[in-house]
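Quick note, the sequences are listed as chains A and B, same order. Taking numbering that gives the first Met the number 0, the leading residue of the first sequence gets 0, the next gets one more, and so forth. Taking numbering that gives the first Met the number 0, the leading residue of the second sequence gets 0, the next gets one more, and so forth.
The set of hints was computed from the structure by calculation and includes no laboratory data. These numbers come from a predicted model, not from an experiment. Beta carbons: idealized from backbone N, C-alpha and C, even for Gly. It is possible that part of the hints are untrue.
Sample of chain B residues facing chain A (criterion: CB under 10 Å; computed from the structure) [as the list claims (entries may be wrong)]:
id: 1; residue: 7
id: 2; residue: 9
id: 3; residue: 32
id: 4; residue: 240
id: 5; residue: 244
Chain by chain, the residues:
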Amino acid sequence: MTTPLVVSEVFKSFTMHLRDGLVLPVIANVSFSVAAGECVVLGGPSGIGKSSILKMLYGNYAVDSGQILVAHRGRIVDVAHADPRMVLEVRRDSMGYVSQFLRTVPRVAALDVVAEPLVARGTAPEAARERAGELLAKLNLPRELWSLPPSTFSGGEQQRVNIARGFITDHTILLLDEPTASLDAKNRSVVVEMIAEKRAAGVAMLGIFHDEEVREAVAGRILDVSQFSPRKIAA
Amino acid sequence: MSDEPLFKVQDVSKFYGNRIGCKNVSFDLWPGEVLAIVGESGSGKTTLLNCISTRLMPTAGSVQYHMRDGQYRDLYHMSEAERRFLMRTDWGFVHQNPADGLRMTVSAGANVGERLMAVGNRHYGNIRDTAADWLSRVEIEADRIDDQPRAFSGGMRQRLQIARNLVTGPRLVFMDEPTGGLDVSVQARLLDLVRGLVNDLGLSAIIVTHDLAVARLLSHRMMVMKDGLVIEQGLTDRVLDDPREPYTQLLVSSILQV
């Protein structure tokens, strides 16, 4: 079986043109892979480049060089060099992402935010909303909130909307950026359970978890990003 | 994913003597894709939009459209009549000022129905029903169907313009600052509407805007223009979250947070 995600010799730096072209290296020579049913945790101190790696994998950040090889519909796609249409297709069908912060859009109800990835894949809106409701219920989001746009929700509520949206499809790769950061213990264990279910279903997962307990519960192996850091982080 | 682009723009340039309106712009647009052309005043974005929508003859370059019969036709090798037919059937053009895209002295229903008649529909009852259906889709109350747009607010006029453009089932819609000049809450409603319709109808759209938030919300891809040139382009969220060019970085960093 093809490895769902292979990262090969990826380099990235930011060039801050508004600061006279100051170059901030982010990561150097990153290579790793994630197998189906595996949950790999990105470890390392804050600012080392963990979120940046996830964003590069998702095509949200560009890479300077290297390849990000994703198994998509029976072929291998290099997200680092694919055209925008292909990246969007990979996101729609193969690779999901639970971002650290929810970007809210006016007027769209939480239930529809969660249902959207399923609707994009052709599921009928009613069926998608039903499935969205199941996930929001599992995450203990009060029913009264489902028809409201999430912009006024608390951090923890927004995060649960984000998680539900990321978990609703059957994508083969799932990227998780601090999915439990604002959650209480009860909901943290719900998320741990949801991750275990995805693993059992063969999903390849890569995540950032600052919470030690969650990390212990979900990690198959920990990949220390410090080894890829070209910078020295102040102690 | 379909194999062929709907729209192919190759090296389009428009010069006014020595002044550059736009220069060497090339891109393809696929069915269902929304492209935002972003830039500040004087960037050339409106010039480009006009050149590619047959409203302004380019100095150089070609614009090809994938006709319903499967053939690519060069827009500027068509007759004026053919171009106008295309504009009325396969295409839509939403102006920044709705008064430019509406007939202000005929009723709302007629504004929408006219487009249907222009493509050969003759059954009055059907036309009126279709017009009423579209008015409700753009959230204009049914009892306004016989009112003239002169009596509508800016937001309502803009929504009517959208209905007028979409009633013929176009495959490609051009929009020039569709939310420009509208109040924020009105903008939100309009953007939500456009987003929904584009998704539901699988439309391709090219949207000129100076507002990066509009680009973020509506577009899959984005082109940043400055002084007539495309200085950066790519996946919208990539260009906004990881801008590479100095000007793009300046634009993105200049947005105020609420």
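Hinted contact residue 7 of chain B with chain A - closest CB pair below 10 Å: This interface hint is violated because 14 Å lies over the 10 Å limit.
When the least beta-carbon distance from residue 32 of chain B to chain A is tested against 10 Å, hint result: holds, 7 Å
Per-residue hint verdict: residue 240 of chain B, partner chain A, C-beta under 10 Å: Where the cut-off is 10 Å and the nearest Cβ of chain A is about 5 Å from residue 240 of chain B, the hint holds.
Interface restraint verdict for residue 9 of chain B against chain A (beta-carbon cut-off 10 Å): violated, 17 Å
Residue hint residue 244 of chain B, partner chain A, criterion CB-CB below 10 Å: It holds, given that the least Cβ distance between residue 244 of chain B and chain A is near 7 Å, below 10 Å.
Hints 1, 2 from the earlier list are contradicted by this structure; the remaining hints agree with it.
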